[in-house]
Amino acid sequence: MKTRIKELRARYDLTQEELANKVGVRRETIVFLEKGKYNPSLKLAYDIAKVLNSTIEEIFIFDV
Amino acid sequence: MKINDKENKKMLLVNKINWALGILLLAITLLGLFRKPFCLETTITSVMLGSFISVSAYLNRKRITADLEGKIIADERSRRAFERAGFFTFFLLIASLMVSGIANSFFNLGLEYSLTVNVILFACVFSWILIGYYLDKKGEV
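Same order as they appear, the protein sequences are chains Z and L. Throughout the first sequence, residue numbering follows numbering that gives the first Met the number 0, covering 0 to 63 in sequence. Throughout the second sequence, residue numbering follows numbering that gives the first Met the number 0, covering 0 to 140 in sequence.
One thing to keep in mind: the hints can contain errors.
[Stated by the list, open to error] 25 Å max Cα-Cα, derived DSS-like pairs, lysine-lysine:
1) Lys36/Z to Lys136/L
2) Lys42/Z to Lys137/L
3) Lys21/Z to Lys137/L
4) Lys42/Z to Lys15/L
5) Lys61/L to Lys34/Z
6) Lys5/Z to Lys42/Z
7) Lys15/L to Lys5/Z
8) Lys1/Z to Lys137/L
9) Lys1/Z to Lys21/Z
10) Lys137/L to Lys34/Z
11) Lys1/Z to Lys136/L
12) Lys36/Z to Lys137/L
[To be verified] Label pairs and their in silico Cβ distance ranges:
13) Lys21/Z to Glu139/L: 22 to 30 Å
14) Ser53/Z to Leu29/L: 57 to 65 Å
15) Ile101/L to Ser53/Z: 25 to 33 Å
16) Lys15/L to Lys36/Z: 34 to 42 Å
17) Cys38/L to Phe61/Z: 25 to 33 Å
18) Ala19/L to Lys21/Z: 57 to 65 Å
19) Lys5/L to Lys21/Z: 24 to 32 Å
20) Glu16/Z to Leu67/L: 36 to 44 Å
21) Lys61/L to Glu16/Z: 16 to 24 Å
22) Arg62/L to Arg3/Z: 28 to 36 Å
23) Ser95/L to Glu57/Z: 42 to 50 Å
24) Lys36/Z to Asn107/L: 26 to 34 Å
Simulated from the structure, these hints should not be mistaken for laboratory data. Think of the CB as a built atom: it goes at the ideal place given N, C-alpha and C, for glycine as much as any other residue.
Construct the entire structure; sequences and hints are all you get.
In structure tokens, the structure reads:
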């Protein structure tokens, strides 16, 4: 799975820590999400999309 | 979250009950040390259960208070890691019981299962914590 979290985070000038606090997870979780190593729950994906003013499909790209 | 929340008050009460239970078990262990005849199985079980309940109550309290202060100790990823660790530990328990049971019946080892249960319980709790920590750090859960 690829994500555009890093790119969108930079656009909104958010640090990993700030994004983590906004969506209620630890910073490590954001690190693993950016690396594509962790599949988030639908709720977390929705929260991240909301914070980054995007849709889930725009942020998370699944390789089939 | 506010400290007066009904749910948090309930959680803190359950936590206090757990804490009291752990201390009670440890006190029973202390009394058991002076009892004659000395019962090793009961003492080991009480020590392990008492310390396990006390430590988990302490960690739970730490988590609740951190939650109330707005800090995050356990998020969905770490919870998922510990759930998966529990799954692995369960299979570890089944495997160790099977291996020890088969070895016991094939080679007549004469294993005393009243003591083995304690050892297995200790190994399982220990491996659950270790595997959970490993999966949490690894990230792929």
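Here's how the hints hold up against the structure:
1. Lys36/Z to Lys136/L: Given that 25 Å is the threshold and the Cα spacing comes to 12 Å, the pair holds.
2. Lys42/Z to Lys137/L: 22 Å, holds
3. Lys21/Z to Lys137/L: 23 Å, holds
4. Lys42/Z to Lys15/L: 32 Å, violated
5. Lys61/L to Lys34/Z: 30 Å, violated
6. Lys5/Z to Lys42/Z: 19 Å, holds
7. Lys15/L to Lys5/Z: Status violated; Cα separation ~43 Å.
8. Lys1/Z to Lys137/L: 18 Å, holds
9. Lys1/Z to Lys21/Z: Roughly 21 Å between the alpha carbons, so the hint for Lys1/Z and Lys21/Z holds.
10. Lys137/L to Lys34/Z: Distance of about 12 Å is within 25 Å: holds.
11. Lys1/Z to Lys136/L: Holds - the C-alpha atoms of Lys136/L and Lys1/Z are around 20 Å apart, at most 25 Å.
12. Lys36/Z to Lys137/L: 9 Å, holds
13. Lys21/Z to Glu139/L: 22 to 30 Å: Given range 22 to 30 Å: holds, Cβ gap about 24 Å.
14. Ser53/Z to Leu29/L: 57 to 65 Å: 60 Å, holds
15. Ile101/L to Ser53/Z: 25 to 33 Å: 56 Å, violated
16. Lys15/L to Lys36/Z: 34 to 42 Å: 39 Å, holds
17. Cys38/L to Phe61/Z: 25 to 33 Å: 58 Å, violated
18. Ala19/L to Lys21/Z: 57 to 65 Å: 38 Å, violated
19. Lys5/L to Lys21/Z: 24 to 32 Å: 26 Å, holds
20. Glu16/Z to Leu67/L: 36 to 44 Å: 20 Å, violated
21. Lys61/L to Glu16/Z: 16 to 24 Å: 21 Å, holds
22. Arg62/L to Arg3/Z: 28 to 36 Å: 32 Å, holds
23. Ser95/L to Glu57/Z: 42 to 50 Å: For Glu57/Z against Ser95/L, whose Cβ atoms are near 48 Å apart, the range 42 to 50 Å holds.
24. Lys36/Z to Asn107/L: 26 to 34 Å: With a Cβ separation near 49 Å, Lys36/Z and Asn107/L fall outside 26 to 34 Å, so the hint is violated.
When held up to the earlier numbered hints, the structure conflicts with 4, 5, 7, 15, 17, 18, 20 and 24 and fits the remainder.
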